[in-house]
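Keeping their order, the protein sequence lines are chains G and S. Numbers 1 to 412, taken from my numbering, label the letters of the first sequence in order. Numbers 413 to 821, taken from my numbering, label the letters of the second sequence in order.
The hints are simulated quantities; they were obtained by calculation from the structure and are not laboratory data. Mixed in with the good hints, there may be bad ones.
[Claimed, not checked] Subject to a maximum C-alpha distance of 27 Å in a straight line, what follows is the list of computed DSS-like cross-link-like pairs (lysine-lysine):
| id | chain 1 | residue 1 | chain 2 | residue 2 |
| --- | --- | --- | --- | --- |
| 1 | S | Lys520 | S | Lys504 |
| 2 | S | Lys503 | G | Lys411 |
| 3 | G | Lys396 | G | Lys363 |
| 4 | S | Lys504 | S | Lys517 |
| 5 | G | Lys411 | S | Lys517 |
| 6 | S | Lys517 | S | Lys503 |
Computed from a predicted model, the values in this text were never measured in an experiment.
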Amino acid sequence: MTKTYPRPLRIQPHSVFSAAVATLALTPAAFGQIYPIAETAAQLATPASQSTGIVVSKIGTGYYRGSGAVARHGQLIYSCGHMIASNGVWASELYFLRAWNSSSIPALSQMKAVRGYKKYADYQGPAGALEFSKDFIVGYDATNTFGPPLNTFLDGATPLRTAGTTKLIAGYPAKIDYTGAAGGAFQYYTGSFTAPMYSVYPTYLNISGVSTGGGNSGGPVFVSDNGTLKIAGVLISGATNAAGVYALTSVAESMAQSAMSAIGVTSTTAATPPTPTTPTAPAPSAPPAPSSVTLSYSGNYAIPDGNTAYSLLNLPVTRLSGTVKTVTLSLNITTKAAGNLDVFLRSPNGRVAIIRQNSPTNKTANVVLNNTSLTTTFAGSACTGTWGLFMRDVVKGNPSTFNSTALTVTKL
Amino acid sequence: MKSPRRPRSLLTLGLVLGGVALGVFYALTPPPVATSPVATATERAGFAPPPSASAPAAPAPANSSVHREIPLPPPDPAVHAALGALLTDLKKGPIERSALLARLKALKASIHALPPDVAAATLIAWLDAGADAPTGLGFQVGAEGVMDESPTFRTALLDLLGQTDPVASLAYSQDLLAAKPGPEEYALALRNLAWLNPDGAQTALIRQSFLASLNDPALAAHPSAGFLESFDVAVAVANVDLVRALLAHQSPLRDNEALSRTTFIALDRIMLRTPEAILAAFAADPNFLADQPNWRASLLARLDPTNPAHVEQLRNYLLNTPHAENELSYFASIYPLANFFEGNRLVTDWETVNPAQTIPERDAAARTLMDGLLADPALRGVAPSIETIRLRLNPPANPSSPPPPAVAL
C-alpha cells in the first residue's frame, strides 16, 4: 500500500517485525495481530471470496494493482479511489477479475474491462482533512458482468464501529505488511476479528492490530450480518499493525445508483441498514417498496392577503426511501397579482427551491405549474421526510387562493 | 405519519363546517415550539399571529431590479436564546464532537419548525451581532449543498439562513458579500445567492463576487476549504469569461496542488453542464490549455458524438490543435470519457454529471463517428488515434497479452 495515514497511527519499521518473527518464532496470536492468510480452496469457494477480485489500472504509462469486489449489481465493482488517482489525468484502463488466485497477476486479456467509474471527489480534496474519507470508486461496464454481486450496508460505519460484530478484510496483498511474506496474486483474507473500529473521520475508520499489505487497497471489508458477509467498507490504507477503511455511506449508494443508471440497469441486490443485534419479532410482510410517490392536495385556501407571514403545507414522504432521482411540482394559485407572492419548496434536509419570488414588476395573474421539474435542485437528496411548500402574499389588495398542488418524488 | 388521504378527509370536514379551510393547514402543520405571542384558535395556529393590521410590504427601493424588501418579524425568543447558549459554550472551549453535532441537529430542527421569516430574523439577529466562535468541525458539504459540518458559529447560521425565508436570505447574503467576510462565510453567502437565482437575477453579482475571491492572492496561496468549495458556485453560473478567468488563474499556480485539482474538477463539471462555455474558449484560443495538455484532452474527451457542434470541435481538436507529446494517445485511450467525479456540492447537483444518453448509447454513437472520421482524408494524419478509439469501442475477441508489470497499491 503506497498510502498510510500519517496520524494517529504509529508505524513500525518493517524490518523490526521481520527480525522479531525470525528470532522468536512468535505466532500472530502471541502478538494479537490479525493479518492476511492465503485462502484455502474451500474458503475461495465461498460467495464473498468468489466476488472479491483483483483490480489493475493504467494511469499514464504505469500499471497498478489492487483489489475490489462485485457489489450491488453484477456489472458494478467497488474499489478505492487511489487506484485511479488523477489530477486532470484519468486512468485510461481499468480491469477486474473475480476469485483470481495465483502466484502472478492475470494477463489483461483474462480480465474484464471496466468501461468507466465514478470517483468520489469534492473541491477541497487534499486541502481538507478528509482526503481518505473520499477514497472510493464504483466501476461499471455495460457489457461485462463481473460476477455475482454482494450485498452492502447502507451505513457501513455502524457495524464496523460496533464491538462484537464479525469483521474480515479480503483482497490481494502483494506483500503481507506484518510478516513480510510475499503474497503473489493469491486471494487472502484476514482472520475474523470482532474489535470495533474507531472513527478518525466520520467515514474513515481505523483499527489497530489488523494489518494487510500493499495490493489489498480497494479490497472489501466485510461484516457478518446474520451469518452472511456483507460489504461494509473498502480498505484504503494500512500500516504494519493497523488498517484504514472507507465506510460505506448513502453517498456510496448514490454513486452505485447513478452508475447503474449510466449503464441502463437496475439493482439486483440490496443496500441495507445493519440488522439489529437484539432479537425482534418478525415484521409483518410489507407491501413492495414504491419507486415514486405523489402527494396531492387540493382545496380553496385563502392565502392571507398582505401578510408577510408564510402559510405552510407539509408534504410528508414516508414510504420512499433512497435518493431522489426526480422531483416535479404542480401548483395552482389563483391571483390577479402573482408578483405579490413568495412561494418556495423546501426539502426535508433544508434545500430551498424558489417557485415564485415577489416582484413589483411582475404583473401576471395566477401561478400555474404543471409537473415542473425541480430535479436540478433536489437530485441526490434523500426522499424521505417532510417537504414544505411555503407561500405568502405580501401586498394587500389582490387576494390569492391556493387551489391545488402535487409533489412527485422518484428515487434512483 | 399521516397518509396523503387524511388531509382530503380533513379538507372535506373543513368545507362541510363552512369553509374553515384554515383547518387544512393547521392539521398539516406540525405544532411549533411555543412562541410569544401564542396563537389563538381564530388565528392560523402554528405561526405567530399576523399583525392586527395587515403589514404591507415596504416599497421596492428605487434601484431594486426585482424584489421587494420585506420587514422581518421579531426573532423567536426561545431559539434565539438557544443559539446564544451554543455560542457561549463554544467560546468556553471545544465541545465533544458527537454532542455538538446532536445539538446542532436539534437547533436545525428548531429553525425548520419556525415560520421561515421568523427563522431568518432569529438567525440574522445573531449574525448582525457579529459574535463568533470556532466549532472544531470541518467545512463539510452535505447532500443538496446543505452543510454537514460548519467550522464556525456564523457559518452554521449562514447555512441555516439559506434554508429559511428566501427573501431575507437573499438580502442578507448580498449585504454580507459586500462586506467581504472570510472565505468560509463568503462561500456560504455565494451559495445562498446561487440557490435563490432561478431567474438569473443574481448571476452577475455571483460571477463578480467569485472572480473577486479568485483574484485574491492570499486566498490562492493558502486556499481554505470554503474557498475551494466555492468553485462550485462558478460551475453553476459558468460562462466563457469565467472559464477564461479560471484558466488564467490556474496557469501560474500549477504547483499549487489543491488549487490545481479544484480548478480541474470545476472545469470538468462546467464541460458537463455548460460545455459551450469551455468550447467557446477552446475555439477562440489556439493555445487553449497548451500548458496542461492532459487537461485539454480530458475535457475534450467529453465531446458528445451525437452533437454536430461537438463533432466539429472534435475535428478541430484532432486537425488544428498542436498536440503535446502523448496527448493524442491519452485522448484516444479515454474518448468518449465514461468517468465522473461525484460528491456533494454547494450548488450543483449529481444528475447533471450524467449524460442524457446511457454510456452504451454514447459508445455506439462514437463508434459510428469514428467510422466516419476514418474515411475523412483530411484526418489521415491522426488516423492511428481514431483507429485506437474505434478498436477500444469494438474490442476484438480474446486478444492475447502478457500480464502487465503492476505496482501494488
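Hint by hint, here is what the structure shows:
Pair hint lysine 520 of chain S plus lysine 504 of chain S holds up; C-alpha atoms about 22 Å apart against a cutoff of 27 Å. Annotation: proposed proximity of lysine 503 of chain S to lysine 411 of chain G is violated, straight-line Cα distance about 42 Å (limit 27 Å). Proximity of lysine 396 of chain G to lysine 363 of chain G is assessed by CA-CA distance (about 14 Å); at most 27 Å being required, the pair is judged to hold. Taking the CA atoms of lysine 504 of chain S and lysine 517 of chain S, the gap is near 20 Å; set against the 27 Å cutoff, the hint holds.
Between lysine 411 of chain G and lysine 517 of chain S the CA atoms are separated by roughly 25 Å; this keeps the pair inside 27 Å, and the hint holds. Proximity of lysine 517 of chain S to lysine 503 of chain S is assessed by CA-CA distance (about 19 Å); at most 27 Å being required, the pair is judged to hold.
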